[in-house]
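There are 4 protein chains.
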Amino acid sequence: MTEQGSSETEDRKDDHIRIVQERDVETTGTGFEDVHLVHDALPELDYDAIDPAIEFLGHELSAPIFIESMTGGHRNTTAINRALARAASETGIAMGLGSQRAGLELDDDGVLESYTVVRDVAPDAFIYGNLGAAQLREYDIETVERAVAMIEADALAVHLNFLQEAVQPEGDVDGRDCLAAIERVAADLSVPIIVKETGNGISGETARKLSAAGVHAIDVAGKGGTTWSGIEAYRAATANEPRQQRIGTLFRDWGIPTAASTLECVAEHDCVIASGGVRTGLDVAKAIAVGARAGGLAKPFLKPATNGPDAVIERIEDLIAELRTAMFVTGSGSIDALQRTEYVLQGETREYVEQRTSSEKQLDS
Amino acid sequence: MTEQGSSETEDRKDDHIRIVQERDVETTGTGFEDVHLVHDALPELDYDAIDPAIEFLGHELSAPIFIESMTGGHRNTTAINRALARAASETGIAMGLGSQRAGLELDDDGVLESYTVVRDVAPDAFIYGNLGAAQLREYDIETVERAVAMIEADALAVHLNFLQEAVQPEGDVDGRDCLAAIERVAADLSVPIIVKETGNGISGETARKLSAAGVHAIDVAGKGGTTWSGIEAYRAATANEPRQQRIGTLFRDWGIPTAASTLECVAEHDCVIASGGVRTGLDVAKAIAVGARAGGLAKPFLKPATNGPDAVIERIEDLIAELRTAMFVTGSGSIDALQRTEYVLQGETREYVEQRTSSEKQLDS
Amino acid sequence: MTEQGSSETEDRKDDHIRIVQERDVETTGTGFEDVHLVHDALPELDYDAIDPAIEFLGHELSAPIFIESMTGGHRNTTAINRALARAASETGIAMGLGSQRAGLELDDDGVLESYTVVRDVAPDAFIYGNLGAAQLREYDIETVERAVAMIEADALAVHLNFLQEAVQPEGDVDGRDCLAAIERVAADLSVPIIVKETGNGISGETARKLSAAGVHAIDVAGKGGTTWSGIEAYRAATANEPRQQRIGTLFRDWGIPTAASTLECVAEHDCVIASGGVRTGLDVAKAIAVGARAGGLAKPFLKPATNGPDAVIERIEDLIAELRTAMFVTGSGSIDALQRTEYVLQGETREYVEQRTSSEKQLDS
Amino acid sequence: MTEQGSSETEDRKDDHIRIVQERDVETTGTGFEDVHLVHDALPELDYDAIDPAIEFLGHELSAPIFIESMTGGHRNTTAINRALARAASETGIAMGLGSQRAGLELDDDGVLESYTVVRDVAPDAFIYGNLGAAQLREYDIETVERAVAMIEADALAVHLNFLQEAVQPEGDVDGRDCLAAIERVAADLSVPIIVKETGNGISGETARKLSAAGVHAIDVAGKGGTTWSGIEAYRAATANEPRQQRIGTLFRDWGIPTAASTLECVAEHDCVIASGGVRTGLDVAKAIAVGARAGGLAKPFLKPATNGPDAVIERIEDLIAELRTAMFVTGSGSIDALQRTEYVLQGETREYVEQRTSSEKQLDS
Ligand SMILES: Cc1cc2nc3c(=O)[nH]c(=O)nc-3n(C[C@H](O)[C@H](O)[C@H](O)COP(=O)(O)O)c2cc1C
Ligand SMILES: Cc1cc2nc3c(=O)[nH]c(=O)nc-3n(C[C@H](O)[C@H](O)[C@H](O)COP(=O)(O)O)c2cc1C
Ligand SMILES: Cc1cc2nc3c(=O)[nH]c(=O)nc-3n(C[C@H](O)[C@H](O)[C@H](O)COP(=O)(O)O)c2cc1C
Ligand SMILES: Cc1cc2nc3c(=O)[nH]c(=O)nc-3n(C[C@H](O)[C@H](O)[C@H](O)COP(=O)(O)O)c2cc1C
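Chains as they are written, first to last, in the numbering used here: chain A, 1 to 365; chain B, 1 to 365; chain C, 1 to 365; chain D, 1 to 365.
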């Protein structure tokens with residue numbers, strides 16, 4: 001996910017994909033296990049007329065489901081991106097690319113194709129690019145526009161992954177001036193930008209800063225799903241870096257649980273994507289009930305993608321059917337209605353939210 | 001429990017009974033595990049004088065226990081219904097029939113007998129019929145009266161089972177206009193109507209609508225007992241329908257826990273039956289303490305019923321003895337007194353109820 | 001513990017002792033696991049000067065520890081009572097006898113000796129007799145005085161055990177007029193009376209009635225220790241009484257947890273003994289911190305008693321040393337000080353007490 | 001940790017070290033598991049510029065990490081102290097010595113060297129001495145100054161370990177007049193004093209008394225790490241002292257959890273060290289977020305110390321790297337900033353703190 005603009009980046013990308021496929025890289029505790037939607041025994045709806053479509057940054061999506069930013073930047077990933085893009089295109093949902101840094105910095109047609117394949121097979125889908133916040137700081141706006149142009153992106157995701165960088169021995173751990181860079185790009189870029197975490201969540205305070213900086217959407221990517229600290233701990237073990245392995249393991253579970261992060265962000269921004277451990281259409285429904293515009297999944301799409309577009313489509317249709325079922329039994333004919341459905345918060349997530357809400361109140365005063 | 005008015009219905013009924021008998025079709029978490037009745041060390045009562053009788057829709061029942069709607073519509077179920085009805089009759093409790101759709105739509109004496117046997121062996125018992133809300137919408141009032149007449153019903157239960165329908169590949173998932181149909185039948189039918197769920201519970205909001213529609217009683221049939229999503233997941237597996245199996249499994253635990261649903265409904269209606277995972281006379285006592293008029297059980301009666309009336313009577317007498325013991329040690333000489341006994345709510349059920357109560361307050365204002 | 005005034009009583013007593021010794025007859029969850037005394041790192045006390053003595057109903061006890069009512073009424077229990085009484089005498093703590101009904105109703109010197117042995121070996125100890133509330137109702141005051149005289153009792157415990165009676169096939173389940181009988185005996189008897197439960201606890205409401213009836217002390221005997229429902233379930237199994245076995249098992253855990261019951265009772269009476277699952281001197285300390293005057297134990301003394309007085313003394317000295325240690329590290333030089341020490345309530349017990357306190361408030365208003 | 005001023009002390013010290021190394025002497029439940037720091041996805045900091053240095057009692061420390069008081073007083077411990085001191089010196093953190101009583105009372109060069117070695121190898125480090133509160137009471141100020149001079153101490157830690165003393169058969173259990181002695185030494189000694197527990201924590205009330213007595217710092221040494229009751233239980237088992245073994249085991253978990261104790265103490269004193277079960281740099285970060293000035297660890301340094309200075313340095317650098325990572329991802333460039341970072345309290349620690357805070361409020365009024 002991170003890269004130093006060399007073929008080193010390419011190899012790391014390969015490492016990451018392999019670790020994600022072979023090791024246990026998921027945590028638990030998104031907080032959605034503490035969110036209970038209230039059953040509506042009398043939905044007064046026709047299931048077949050339920051419409052999960054949303055408008056997102058001016059585009060119509062058939063369902064509030066995002067294939068989260070994952071890959072690109074290595075020839076091996078071309079097939080994965082082709083499958084994901086074709087599936088996004090056929091089902092009408094959004095898809096994010098993995099970091100485009102390698103595409104901007106390496107002069108290699110094979111690498112480039114791992115990105116461009118996406119727009120080739122999905123001319124009309126909502127596709128968004130990806131760069132790290134640290135890159136924004138270094139690139140001028142023309143370079144950022146090249147990333148957009150590379151895939152005719154509908155939007156650009158800017159990822160925040162400072163914990164991962166801190167666990168990587170070679171990580172870029174200078175976090176200064178990123179907010180200013182984000183603000184600049186948000187103002188000048190030809191497409192809207194989505195700021196996203198990568199598995200540790202976004203707090204209300206950060207969401208407030210991002211809102212003020214003019215960011216068009218926030219993707220929380222909270223705790224409970226893929227853990228990049230965990231992934232880097234495996235890499236550090238292989239590289240015989242015991243201290244980094246130790247830190248990666250210690251921070252494996254670090255972050256704001258996705259449900260809590262979503263609740264914090266929706267108080268500050270009106271276009272929030274909930275991701276990080278979202279695994280079913282029911283999770284998507286819960287995310288929307290607590291205020292998100294959509295839910296995103298990364299890892300669950302990786303294995304189907306290696307099996308081709310049909311497997312990805314199958315998975316998306318599962319998710320949509322699960323979501324529609326949740327909509328049906330909460331009496332929600334549309335995503336707008338689902339956003340207003342009743343829910344109950346329990347356990348640790350309730351404690352988390354109660355305390356954060358009262359301390360946020362203190363911040364406001 | 002659902003049926004498309006053909007012999008397909010008959011076969012499905014058979015499938016269901018078999019699955020219920022052979023597989024794990026029960027969830028946990030009715031919420032009664034979080035309800036603690038307060039011991040009265042000095043009950044100042046004669047156990048033998050404790051009277052668990054109630055008045056229900058104008059009839060006297062010897063105890064606040066319902067044999068919930070289960071079966072009928074297949075020749076194989078005649079013996080089951082005969083045993084249940086004889087037991088209800090001898091012990092003086094209420095009994096519900098399974099859905100009568102097959103009885104109305106099929107022209108088959110064997111099928112019909114599976115219903116009529118009930119009144120034959122229990123001329124004086126409180127027996128109530130059963131139709132789906134979707135059927136009410138389609139039938140005119142004369143057809144509904146035929147269902148009543150079929151068994152000289154004392155009341156008609158109208159079941160809501162939209163989640164089950166959504167899990168069934170062949171399910172009827174049009175939920176529109178059911179409330180209006182219920183209102184119409186409640187006004188016009190010759191006997192009172194009981195609206196019931198089938199394992200996912202009824203919320204306060206729905207109870208309010210049902211009250212306004214003139215429904216005479218509500219049976220919550222909440223989460224924690226028999227799970228129809230779970231049952232349909234098994235059927236889907238057999239039918240090689242992986243998506244439906246997946247959804248059935250995902251929603252296996254869906255619903256409002258029975259104790260919470262009871263607390264929500266009693267705030268909106270004064271005649272509430274608590275069912276869904278009620279398994280002992282102590283559960284019945286708890287249900288009444290939190291405000292229900294009676295408790296109902298379905299699955300626990302199925303196996304005894306296949307062994308004949310005596311086994312069912314034995315089971316009912318167990319339940320009554322358990323209930324009377326709970327009445328004794330809470331110092332409750334009557335069901336009215338039991339309804340006023342002290343209780344404590346803990347754990348998740350307390351969280352659930354606290355939040356729903358405060359949000360209901362918001363709804364009211 | 002119960003008896004019908006015949007040698008049947010004697011046999012049952014024997015059954016009970018055997019079951020208590022051989023089977024699992026203890027529950028968990030006294031609530032003391034949720035009570036945390038606050039450490040005092042600077043106690044400013046000399047451990048050797050800590051004085052755990054209390055005054056109890058006009059007598060001085062060396063420590064606030066009661067050997068709870070257990071046995072008598074069978075020749076086999078004479079040795080047990082001798083050991084307990086000798087230990088009580090040597091250590092200066094209080095001892096209760098088991099029910100004296102057999103002693104009053106049977107004309108048998110061996111049976112009588114099982115009681116009288118206590119005063120023989122412990123001429124100066126605080127010894128209290130025991131009768132059931134149901135007996136008080138039947139006996140005139142002279143008969144009750146005979147029970148007192150039998151052992152020159154310093155007080156009389158009146159036990160409430162209606163749940164046990166309800167589980168016993170042959171139980172006395174008429175609970176009427178017990179309060180009036182208690183009030184009469186409290187007023188007329190030559191010695192004070194202690195009303196005690198036997199493992200299911202006493203609520204605030206009951207404590208209030210007992211206070212008004214002039215009872216001199218209340219022994220909560222709450223949930224969390226020996227379970228008489230459980231014991232009777234074993235007896236019912238042997239006697240082939242499946243329904244009673246079922247009820248005994250269902251109500252095995254019934255009752256108010258000892259810590260919660262203590263908190264409820266101390267709000268209504270100023271002389272409360274906490275018992276039911278008290279197992280260590282630390283439990284005794286917690287009981288006192290939440291407001292009890294003393295803690296009592298039954299089952300833990302049974303096995304030592306079968307090994308003779310020294311084993312019982314050893315056990316009592318263990319308890320006192322544990323209690324003194326708790327007093328030391330809470331900076332409590334006396335039982336009075338311990339009663340004022342800081343504590344924290346957590347978990348289910350906190351929930352229990354919070355709700356009961358707020359509902360008691362409603363009762364008051 | 002305790003000593004009677006004879007070679008008996010020396011042997012016990014040896015016993016203790018051996019038990020700590022060979023047996024399970026750690027409890028769980030520091031409360032830090034319930035403290036959740038809030039992730040800052042946009043730290044706007046350069047990791048390399050993060051400065052974990054603190055000022056402590058007028059000295060600059062490179063990081064807020066204390067090697068807690070452990071050993072000395074036996075020739076075998078010289079090597080351990082040498083390793084710890086060298087590591088403290090090279091990394092710039094603070095180190096406490098074990099109790100100096102043996103050094104003051106035994107006339108033995110080998111014993112003395114086990115202390116003096118520390119200053120020999122760490123001429124500039126912040127090193128603090130150690131005496132028990134009971135000793136302060138017995139020694140005149142000149143004797144206490146000898147302990148300071150022995151190692152040219154920068155401060156003196158006074159330990160409170162009354163629970164341990166109560167568990168030891170030979171313990172000194174007279175706790176009187178310790179506060180006065182502490183007050184006297186705090187006023188007269190040439191260096192500041194730190195009052196510390198040894199694993200059971202310090203309450204708000206005690207912290208208030210210590211503040212009033214002029215103590216310069218408080219080290220909570222709360223529950224959750226090394227348990228001296230547990231250690232003494234092992235010793236009692238070996239010494240065939242069943243009652244002491246029983247008490248040690250019963251009080252194994254006794255005490256105020258470290259996080260709760262820290263929160264109580266920081267309300268009363270502005271220089272608090274959190275210790276007792278601190279195991280990682282993330283624990284140190286949490287301790288600081290809830291208000292501590294620094295975190296201390298004892299047992300985790302023991303094994304590395306037996307392997308020499310490099311192993312200890314390695315461990316310290318791990319801790320610092322973990323702490324810096326926590327600072328980075330909470331956006332805290334300095335320890336001051338970390339003290340203001342947002343956190344959430346959950347579970348038992350939240351319950352503990354809520355109740356203690358409200359009762360403290362009562363104390364104040
Ligand atoms: C294999 C893989 C590669 C990823 N690469 C990127 C990336 O390049 N850029 C990015 O912003 N996030 C990346 N992510 C993070 C995801 O976009 C997402 O935020 C995170 O994995 C949480 O979602 P999940 O639990 O559904 O996997 C990647 C995730 C995975 C699993
Ligand atoms: C075998 C079986 C058949 C059922 N059939 C019906 C039915 O036809 N109509 C209906 O309203 N409910 C039906 N139910 C649902 C029950 O009435 C009840 O609401 C639900 O099972 C929860 O109760 P339980 O947990 O005690 O089984 C059936 C339940 C079972 C177990
Ligand atoms: C063997 C045994 C016999 C008992 N007999 C009596 C009795 O005769 N009268 C009575 O009031 N309680 C009796 N009890 C109840 C105890 O006094 C006590 O209230 C109860 O056992 C809870 O304490 P424990 O958990 O420490 O055993 C008996 C208890 C035991 C274990
Ligand atoms: C081997 C060992 C020896 C100790 N000796 C002393 C001592 O002499 N004086 C003292 O104040 N504390 C002593 N302690 C207690 C520690 O300073 C510390 O307060 C306690 O162990 C909790 O920290 P931990 O959980 O990190 O071990 C000792 C601890 C250990 C493990």
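Because the hints were derived from the structure by calculation, they are not lab data. Please note: incorrect hints may appear among the correct ones.
Copies of the same chain look alike in the list, so a pair counts if it works inside one copy or between any two.
[Claimed, not checked] Derived SDA-like pairs (lysine to any residue); straight-line CA-CA distance at most 25 Å:
#1 Lys303 to Arg243
#2 Lys299 to Thr249
#3 Lys303 to Glu348
#4 Lys303 to Arg246
#5 Lys303 to Glu241
#6 Lys299 to Asp107
#7 Lys303 to Asn240
Broken hints, by number:
3 and 6
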